[in-house]
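There are 6 protein chains.
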Amino acid sequence: MPTVYITRKAHFNAAHRLHNPQMSDEWNRETFGKCNSPNWHGHNYQIEVTVAGSPDPETGYVLDLGDLNRIMHEHVIDSCDHSNLNLDVDFLSGIIPSSENLVVAFWNQIQPHIRGGELVSIRLIETENNSVEYRGE
Amino acid sequence: MPTVYITRKAHFNAAHRLHNPQMSDEWNRETFGKCNSPNWHGHNYQIEVTVAGSPDPETGYVLDLGDLNRIMHEHVIDSCDHSNLNLDVDFLSGIIPSSENLVVAFWNQIQPHIRGGELVSIRLIETENNSVEYRGE
Amino acid sequence: MPTVYITRKAHFNAAHRLHNPQMSDEWNRETFGKCNSPNWHGHNYQIEVTVAGSPDPETGYVLDLGDLNRIMHEHVIDSCDHSNLNLDVDFLSGIIPSSENLVVAFWNQIQPHIRGGELVSIRLIETENNSVEYRGE
Amino acid sequence: MPTVYITRKAHFNAAHRLHNPQMSDEWNRETFGKCNSPNWHGHNYQIEVTVAGSPDPETGYVLDLGDLNRIMHEHVIDSCDHSNLNLDVDFLSGIIPSSENLVVAFWNQIQPHIRGGELVSIRLIETENNSVEYRGE
Amino acid sequence: MPTVYITRKAHFNAAHRLHNPQMSDEWNRETFGKCNSPNWHGHNYQIEVTVAGSPDPETGYVLDLGDLNRIMHEHVIDSCDHSNLNLDVDFLSGIIPSSENLVVAFWNQIQPHIRGGELVSIRLIETENNSVEYRGE
Amino acid sequence: MPTVYITRKAHFNAAHRLHNPQMSDEWNRETFGKCNSPNWHGHNYQIEVTVAGSPDPETGYVLDLGDLNRIMHEHVIDSCDHSNLNLDVDFLSGIIPSSENLVVAFWNQIQPHIRGGELVSIRLIETENNSVEYRGE
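Residue numbers (the numbering used here), protein chains in the order written: chain A, 25 to 161; chain B, 25 to 161; chain C, 25 to 161; chain D, 25 to 161; chain E, 25 to 161; chain F, 25 to 161.
Among the hints, erroneous ones may be present.
Note that identical chains are pooled: a pair holds if it fits in a single copy or bridges any two copies.
[Unchecked claim] Here are the simulated DMTMM-like cross-link-like pairs (lysine to aspartate or glutamate), alpha carbons at most 25 Å apart as the crow flies: (1) 33 x 161; (2) 58 x 161; (3) 58 x 150; (4) 33 x 49; (5) 33 x 50; (6) 58 x 102.
These are calculated hints, taken from the structure and not from any lab test.
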């Protein structure tokens, strides 16, 4: 049976700020520069979730992409879209919302709900030039 | 002499919130929905500035795109990038930062500085699906 | 009051075939080539609708983009998405579904429902390299 | 000798329908939803083929991309472009044309013809938000 | 009869250099900066040609896009692709190959060959951030 | 500790020509076709550099993307941008500037300077349809 990797992309718009509250304001400014700007800034985030599995002979699907989309919305996008990633999202509480930390947190939200295939990658695209990927390792 | 339209694109990342402080919180929630989210959200904005003019026979330029880029940064992007459009930008003070109001404000910032051609259009792209254009009329 | 042009983009996936039933099969094959292929082909269509108007001082909106999106879905996308443009869409009955004819038909579907601004342009993007625009003239 | 992965992208436009003829119409409607729409729908498909190998010291090429492009056209695109994937393509006969099944079938068409490198991946992009990849395993 | 604007996009890859041979090397370096680099640089150019006209009732076409594509290739792309725009292209002889001058020269090459519609715009996209448009005025 | 892959994209515009000076002109023309065009052609190159590592608990960063961007510019882009890849770049001396050879050379330039993570991939995108990747193996 062949293993096929299927990827679903979705979007959300959010505000954030890179700031470590355990460090001084001066350290934060020096470390994060304009990403530490006190009144927040924001992004049009894109998230790409990849699941590997064998196509079901009856449907030709590894997984119904509508189901995958629903999981992505219920467990990540509904709480992150039009939100402040530092203040508003329960599962990000206490996490500095760098792209690296976000993508690991999103994995932990999505992974337990994947059926019929194995979650193998989540990519988070913050800007045209910056992206991150987590593979669960 | 031919008239050529030259366009320069640039980017900035900012937080904002649609909120009219003269109206009730309930009115704001009903009118703006999730765009009124209290702790802000944000976007990767793209701005495209178009200037019309005749190419200079000595240079082949309507206008040095490096100069246009500098004007866009000095008068719009340097103050908007990694900022909160409701709180941090002097020239947006008192303005509800809808894309429509932003693009008119950006025109007013950029127009007085254009030399050697006529500013004819500014487009502001807020998301993949939403954009606005102002032509100075 | 400034006039701002706001644009909303949406997508639909459809099958079609260029075929004039009043002409011979030979004429159709010669005229339309592979676009006349008998068992249909299809596209990921993008539609961009532009409305001009003055931003409302209370909202900063020319028009609520959610309303515009609803109009686009109710009057075009709901009937065209995952459909056969030659067979399934009432308002396209009797029309050869070239991009040119589609964009005019979409204008006629959308134009009567626009409030608070003037419909000025609809673009239909059929492929990366081919697009059409209608301005109501 | 370094191993370099080279990727060539190409496009085709096709109609299809997700339908398992061994199951009832009701099962098909419930399983595939609008993708089961009886009169077909379609997509602008993008296919990306990746081959790994060592650059030839005389040419700097792993493989002439013109040759790879020709293989992709002869064995996949010429028969799929402007076609109906359920009805018109010999090598897809009896296959439900889900993206998953398509990408595996395309691999089987292309793999025997690759010389001078190893086929390592084929990606098929069905829409902006949906794609699949097969790595031959 | 409605007027529809149809646009065809094509690509070419070329080398060029901004240099006015009637001026000193120093003037050229100061005026054009790195675009004056002596051993050339290059771009993946995109050209978009827009023609306005009424769809033919028999075909639904303003103009066969295959014909428009052929005109673009015969009169612009075949001579510019994989060429040096300062040295290799007859119709650019004596022209500083700025985007502004190129787009006017391309208009003059394409305009006499357009049948069945009116050439209304040519856009030339030099980089992600820089583009020009000429409307024949 | 999770391993996250971070990717930074940058751009440069350059001229080049595929030509092996140890072979005859006829061999070069037959082997490289229009890519051997004597007066050069050029591209808008995109380079994507991917580094793997664990996010630092104090910053949430695998690596400061500003630092990665600086390394990419100092060791690749500053010498390649607006240059002739056959003539102007010291570290490409004696190399046929195919995408395959370029990406390996770029790896050798960038790899020694990566701190705090492991360089795992460099992709070089030459045109919309052609790209290469090197993983250091």
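Outcome of the hint check:
1. Proximity of residue 33 to residue 161 under the C-alpha cut-off of 25 Å is found in both arrangements, the shortest distances being 21 Å within a copy and 24 Å between copies.
2. Taking the shortest alpha-carbon separations for residue 58 and residue 161, neither the intra-copy value of 31 Å nor the inter-copy value of 35 Å comes in at or below 25 Å.
3. In this assembly of identical chains, the alpha carbons of residue 58 and residue 150 lie at most 25 Å apart whether taken from the same copy (15 Å) or from different copies (21 Å).
4. With identical chains, the CA atoms of residue 33 and residue 49 are never at most 25 Å apart, being 36 Å at best within one copy and 30 Å at best between copies.
5. For the identical chains of this complex, residue 33 and residue 50 are neighbours neither inside a copy (38 Å) nor across copies (29 Å), given an alpha-carbon limit of 25 Å.
6. Taking the shortest alpha-carbon separations for residue 58 and residue 102, only the inter-copy value of 11 Å comes in at or below 25 Å, while the best intra-copy value is 27 Å.
Comparing the model with each earlier hint shows violations of hints 2, 4 and 5; every other hint is respected.
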